[in-house]
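There are 2 protein chains.
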Amino acid sequence: MTTYKSNTINIGIVGVGTVGGGAVTILARNAELIANRLTKIRLARIADKDLERASKLVSELGLQDVIISDDWHDLITDPTISIIIEVVGGINLPMQIISTALKNGKSVVTANKDLISSHGDELLALAEENGVDLLFEAAVAGGIPIIQVVKESLAADKINSIMGIVNGTTNYILTAMSENNLPFAEALKQAQDLGYAEADPTSDVEGLDAARKIAILASVAFNSRVKDKQVPVEGITKISQWDIQYAKEFGYAIKMLGIAKCDGRQIEVRVHPALIPLTHPLATVRDSYNAVYIESDDVDKAMFTGRGAGALPTGSAILGDVINAARNICLQTRGRINCTCFASYPIKSLDDTISQYYIRINAKDAAGVFAAIAKALGNEDVSIASAMQKRWISEHNAEIVVITHAVRHADFMRAVEQIGKLECVDAVENIIRVEE
Amino acid sequence: MTTYKSNTINIGIVGVGTVGGGAVTILARNAELIANRLTKIRLARIADKDLERASKLVSELGLQDVIISDDWHDLITDPTISIIIEVVGGINLPMQIISTALKNGKSVVTANKDLISSHGDELLALAEENGVDLLFEAAVAGGIPIIQVVKESLAADKINSIMGIVNGTTNYILTAMSENNLPFAEALKQAQDLGYAEADPTSDVEGLDAARKIAILASVAFNSRVKDKQVPVEGITKISQWDIQYAKEFGYAIKMLGIAKCDGRQIEVRVHPALIPLTHPLATVRDSYNAVYIESDDVDKAMFTGRGAGALPTGSAILGDVINAARNICLQTRGRINCTCFASYPIKSLDDTISQYYIRINAKDAAGVFAAIAKALGNEDVSIASAMQKRWISEHNAEIVVITHAVRHADFMRAVEQIGKLECVDAVENIIRVEE
Numbered sequence: 000m001t002t003y004k005s006n007t008i009n010i011g012i013v014g015v016g017t018v019g020g021g022a023v024t025i026l027a028r029n030a031e032l033i034a035n036r037l038t039k040i041r042l043a044r045i046a047d048k049d050l051e052r053a054s055k056l057v058s059e060l061g062l063q064d065v066i067i068s069d070d071w072h073d074l075i076t077d078p079t080i081s082i083i084i085e086v087v088g089g090i091n092l093p094m095q096i097i098s099t100a101l102k103n104g105k106s107v108v109t110a111n112k113d114l115i116s117s118h119g120d121e122l123l124a125l126a127e128e129n130g131v132d133l134l135f136e137a138a139v140a141g142g143i144p145i146i147q148v149v150k151e152s153l154a155a156d157k158i159n160s161i162m163g164i165v166n167g168t169t170n171y172i173l174t175a176m177s178e179n180n181l182p183f184a185e186a187l188k189q190a191q192d193l194g195y196a197e198a199d200p201t202s203d204v205e206g207l208d209a210a211r212k213i214a215i216l217a218s219v220a221f222n223s224r225v226k227d228k229q230v231p232v233e234g235i236t237k238i239s240q241w242d243i244q245y246a247k248e249f250g251y252a253i254k255m256l257g258i259a260k261c262d263g264r265q266i267e268v269r270v271h272p273a274l275i276p277l278t279h280p281l282a283t284v285r286d287s288y289n290a291v292y293i294e295s296d297d298v299d300k301a302m303f304t305g306r307g308a309g310a311l312p313t314g315s316a317i318l319g320d321v322i323n324a325a326r327n328i329c330l331q332t333r334g335r336i337n338c339t340c341f342a343s344y345p346i347k348s349l350d351d352t353i354s355q356y357y358i359r360i361n362a363k364d365a366a367g368v369f370a371a372i373a374k375a376l377g378n379e380d381v382s383i384a385s386a387m388q389k390r391w392i393s394e395h396n397a398e399i400v401v402i403t404h405a406v407r408h409a410d411f412m413r414a415v416e417q418i419g420k421l422e423c424v425d426a427v428e429n430i431i432r433v434e435e
Numbered sequence: 000m001t002t003y004k005s006n007t008i009n010i011g012i013v014g015v016g017t018v019g020g021g022a023v024t025i026l027a028r029n030a031e032l033i034a035n036r037l038t039k040i041r042l043a044r045i046a047d048k049d050l051e052r053a054s055k056l057v058s059e060l061g062l063q064d065v066i067i068s069d070d071w072h073d074l075i076t077d078p079t080i081s082i083i084i085e086v087v088g089g090i091n092l093p094m095q096i097i098s099t100a101l102k103n104g105k106s107v108v109t110a111n112k113d114l115i116s117s118h119g120d121e122l123l124a125l126a127e128e129n130g131v132d133l134l135f136e137a138a139v140a141g142g143i144p145i146i147q148v149v150k151e152s153l154a155a156d157k158i159n160s161i162m163g164i165v166n167g168t169t170n171y172i173l174t175a176m177s178e179n180n181l182p183f184a185e186a187l188k189q190a191q192d193l194g195y196a197e198a199d200p201t202s203d204v205e206g207l208d209a210a211r212k213i214a215i216l217a218s219v220a221f222n223s224r225v226k227d228k229q230v231p232v233e234g235i236t237k238i239s240q241w242d243i244q245y246a247k248e249f250g251y252a253i254k255m256l257g258i259a260k261c262d263g264r265q266i267e268v269r270v271h272p273a274l275i276p277l278t279h280p281l282a283t284v285r286d287s288y289n290a291v292y293i294e295s296d297d298v299d300k301a302m303f304t305g306r307g308a309g310a311l312p313t314g315s316a317i318l319g320d321v322i323n324a325a326r327n328i329c330l331q332t333r334g335r336i337n338c339t340c341f342a343s344y345p346i347k348s349l350d351d352t353i354s355q356y357y358i359r360i361n362a363k364d365a366a367g368v369f370a371a372i373a374k375a376l377g378n379e380d381v382s383i384a385s386a387m388q389k390r391w392i393s394e395h396n397a398e399i400v401v402i403t404h405a406v407r408h409a410d411f412m413r414a415v416e417q418i419g420k421l422e423c424v425d426a427v428e429n430i431i432r433v434e435e
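Sequence order for the protein chains is A and B.
Here the first sequence is numbered in numbering that gives the first Met the number 0, starting from 0 and rising by one per residue.
Here the second sequence is numbered in numbering that gives the first Met the number 0, starting from 0 and rising by one per residue.
No wet-lab data here; the hints were simulated from the structure.
All clues given are correct.
Below, simulated DSS-like cross-link-like pairs (lysine-lysine); rule was C-alpha separation at most 30 Å, straight line:
{"#": "1", "chain 1": "B", "residue 1": "300", "chain 2": "A", "residue 2": "55"}
{"#": "2", "chain 1": "A", "residue 1": "300", "chain 2": "B", "residue 2": "188"}
{"#": "3", "chain 1": "A", "residue 1": "228", "chain 2": "A", "residue 2": "150"}
{"#": "4", "chain 1": "A", "residue 1": "39", "chain 2": "A", "residue 2": "55"}
{"#": "5", "chain 1": "B", "residue 1": "247", "chain 2": "A", "residue 2": "247"}
{"#": "6", "chain 1": "A", "residue 1": "150", "chain 2": "B", "residue 2": "300"}
{"#": "7", "chain 1": "B", "residue 1": "157", "chain 2": "A", "residue 2": "39"}
{"#": "8", "chain 1": "A", "residue 1": "260", "chain 2": "B", "residue 2": "39"}
{"#": "9", "chain 1": "A", "residue 1": "150", "chain 2": "B", "residue 2": "39"}
{"#": "10", "chain 1": "A", "residue 1": "228", "chain 2": "A", "residue 2": "102"}
{"#": "11", "chain 1": "A", "residue 1": "226", "chain 2": "A", "residue 2": "260"}
{"#": "12", "chain 1": "A", "residue 1": "39", "chain 2": "B", "residue 2": "260"}
{"#": "13", "chain 1": "A", "residue 1": "157", "chain 2": "B", "residue 2": "39"}
{"#": "14", "chain 1": "A", "residue 1": "150", "chain 2": "B", "residue 2": "157"}
{"#": "15", "chain 1": "B", "residue 1": "300", "chain 2": "A", "residue 2": "157"}
{"#": "16", "chain 1": "A", "residue 1": "347", "chain 2": "A", "residue 2": "237"}
{"#": "17", "chain 1": "A", "residue 1": "300", "chain 2": "B", "residue 2": "260"}
{"#": "18", "chain 1": "B", "residue 1": "157", "chain 2": "A", "residue 2": "55"}
{"#": "19", "chain 1": "B", "residue 1": "55", "chain 2": "A", "residue 2": "157"}
{"#": "20", "chain 1": "A", "residue 1": "300", "chain 2": "B", "residue 2": "300"}
{"#": "21", "chain 1": "A", "residue 1": "39", "chain 2": "B", "residue 2": "300"}
{"#": "22", "chain 1": "B", "residue 1": "389", "chain 2": "B", "residue 2": "237"}
When you get a sec, could you build the whole thing from the sequences and use the hints?
Below is the structure:
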């Protein structure tokens, strides 16, 4: 890379928790490498409300001349600092920090998916107004370079769909359920014990975290803003061992997916567990790994796999952005690539989305039951791709599992309602989308 | 992306064969998308010795005002053209075209792996001298964005090793051998029939093509120049069905790999077929797909998978580079990132490389044979990880298959020589490295 050894770029970081600590650690360890590859990047200031933790980090890493403060204003107003890393988390405080920093002419690097997926448009506009960079590679899929890949490497290509395993916690849980036959609750506990899941796992297992990431990916890929609130979510808490085992028998794995598609008129976006064929590349992505699978006009099918979280992978993504922001400062091209949303496609109603479905039904073990279910499906033009009668639940009940052909969501849900009302059916135990 | 709608960037292309035709097709089809994402990029000139093919392409795509010529000098001297795409292939002619273009102040985009892996250093220096860009994303792994990823997204990270399935032809052949039990010759013929392999497949099956790509990847990843000639290669022509089947029994797939490692003192680089565990992500990469697997200090393990060849995937990579070069023109930052080799590590001798090995031996079916083989291995400090006596070749002969623990190459080869001389051994049928 063109090096600019005469420059030293001073940066500041707000928040030195796990991810912030990772970024600072890499910057300290790879200082020489980074200087050789571009220019000297010096950590000038840390702001963290926990002064002790910040001091400990600085002394452990042997960093010199780093000013520590518990007030982020000290960073934002320091005229020697040109790039701010924000890794505070949450919405309100980082919104205030980032917008003030941008207004003060600082480039900003953040890993904050909550904020970018909800207020990315305002912040990117603010960055543009102030002629600085706002970069957020680390907000999606941790260490996997995907934002720059989509914005730059694939800039000539029309992306049609993105399917991502963008939440490591749920991928860990589903892998444990599938490979070790654990029930959901036990797999969750294991994930919590290993630090992959929070004490309150709601945001992960209910799909909110994945929704933020797929919203950001969709915005970047389709050049049209998608916000987290526009993404319908469905969690994995209802996935049982039976679903996992039946899926396997049909030749599928169950994965938690963020899906975004664009047909040039509308954007379809959703987060939910889905059956995908065992031969699909996403089915091979195990444990807490993330992966983003892209289908486009020209590159066709491509997949990017790696660690979606963790101090060092996420820290590396943050510093990759810092280096890009520093290059833009050296070359006087701050604001080189900011908001890429020149289009404005409406979001397709969930009712109009089309998928295959898996449906598991607890029904009387009697003649005519299957026919009644098939009829209810047929009434709404839902055709059956495959079906099996599976385990006996009791002396009188058995489980029937059906995989449908592709069908409009609203039509399928009407069929499900009819099935639920059948006298021979005790319960529709689960319905899960099937993706190819 | 920041758009520069007032600019129109004129480009020229030399060579409109498969890949060049792909690039022109995408540029025509996605003209509006590219204009919205950055600026208008207009194909002003084509040079191709086959004027008819060039005219046909232009008229099929309905392109207006494209000047066709059979002399590349016409492009290089046209002052209205600022970016040249070179997709001629070979070494001497493209060397002349690219160096003249760079000297004339044109940025150049090429897919030419032969040239970049052999003369990349000179050409990048020339680009730097003339303050223009020389970009070559399409030279490695076709549609997979990997050069920009390594140069920019992973710029803060220290990469320790790269393993790549970077030749689609051999991956197709090995997949067909493994999944359809075809012998090498038949799998090759199938690849030729499908257009995946050339009539003369030497460059692919002997590993020369992969050597060029791993040389380029190593140079970029380790910031130290590696040339194609420095890469020891071993082809796949000796891989038999027996090797594939025995590997499976031991829990491995056989893949053709380009491998590059750097320990901060030396670079190790080689191309050869290898056994890799069936659980390794590279083992799941099938057919003609390519994949690059990176291990680094911080991002840890990441893999990038996609189509490594073909008109549209490669064309998309070329145009991604064209867009980057165009952005640099708009922002007056031509030469933004050129040669990144600031270090100069020596290449480790093949003798000193350390691997596990698979060895298949045709030996007398008699008492003491295994002991003799084990002794020959032991003499050179090669220890056995697992071993099996496999099929009976004849009434008197059987096949013995051994997988060793990690061992220095030269030591292992001495042991192999001893085994070959044993009276009870008729032949060492094959030796293949084992990678984890």
